[in-house]
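Q: Mapping of the sequence shown onto my numbering: residues 1 to 381, in sequence order.
Do not take every clue at face value.
Stated by the list, open to error - Label-pair restraints from in silico Cβ distances:
| # | residue 1 | residue 2 | range |
| --- | --- | --- | --- |
| 1 | Ala158 | Ala180 | 24 to 30 Å |
| 2 | Asp325 | Asp101 | 49 to 55 Å |
| 3 | Gln120 | Ser258 | 18 to 24 Å |
If you're looking for bench data, these hints aren't it; they were derived computationally from the structure. These figures come from a predicted structure and were not determined experimentally. Glycine included, C-beta positions come from ideal geometry on N, C-alpha and C.
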Amino acid sequence: ATPAFACPTKHAHPAPRPLPWSAPKCCTMPRRHDSQIPAGLSRLRLGTLLLLGGAGWSSGLHAPRADLPRAAFIRGCSGALAATLALRPPPPTVAAATATDDLRAEARLRAQVRALVLEQPALAGAFVRLAFHDSAPRDRPGVGGPNGSIIFELDRPANLRLSVPLGHLARLRAADDSTARLTLADSIAVAGAEAVEAIGGPHIWLPLGRRDATGPDSAELARPLAARDSRDRVTTTLPDAGLSSVGLRRYFARLGLSERELVALSGAHGFGRHPSLIGMPAECLKKLTPACLEAAPSRPPFLTKSADNFNNDYFKLLLRWNTRDLERGAAFFLPTDVALVIDPGLRRWVSLFARDEVEFSRAFSSAYVKLCKPVARSGLI
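Make a model of the complete structure from these sequences and hints.
A: This is how it looks when you write it as structure tokens:
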């Protein structure tokens, strides 16, 4: 019986003489019809068997005749040639050159952002906040994410003052053609990662390839996460500052982030800043318009004694707040901050990061990478 993957022997050339030029033993081809390859055996698969030296082929097959027309033999063994070429490494391509240029552009942008943050440390928190507000909004799975849509969303109250880091980034891109080749989405994610490292945080490696949106992401969820308690409800694509620990879990679960990662990302408040009425013009104090808040002259840090540094002081002060051992004015916490220590499940991560800064650094890095992972599928250039 002929094996399912062997050429039919009844049509094979009976002459035992070898070919005058080297060829694999399994290149025995039919005498009359070189197209009689068994059903289900493609020429590529045939070529693969040829390259394997005929493994599995019947030892009873005869070698082709020496006078077999070379053209016919080549037609029969064309699969072998195709498979051989497929196994060779491809020559350098335009895509490979483009990837190299993108990596150089990323290195250039990182150097520029680092220099800017070292000169103005308060920008570190702003760049990270910019990255979060561009990456977090997702109306539904696969829609939104890090796509540069923040440029269309600066008029939203939640994005107050993000025009500042975005403006710096726009100037860097406009002044350097090499960095301008990156998408805005990639630039925002990379700038946030480099800002963290510039103030003493971990090096965060990010893959490139995010695509830019052509319009804003939705500010409201198409399917809100309902709950009896208003603080447990999740209705917006950015987290509300009044969310409870339940609401925080539900919000960050939508982003694919664990409790450990949501607590680690909250640690960015340790080098963040908040609006203040200090120095506000009298007319603005009478009516706090978005324009007044945008132009607020003072942006005090959340932590007054260790501003603009990547460390675990945020978690230490949260624990002190929980034991009422925090001196007045030492920190400014949002309701979502204190929710981390009121909830026993989240407090264990606060305690861990307060004890181990290295663990906080690792958790923050992995959470940032996951947050900035490309997910957008619609509304793209």
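Q: Check each numbered hint against the structure and report the violated ones by number, ascending.
A: Violated: hint 3 alone.
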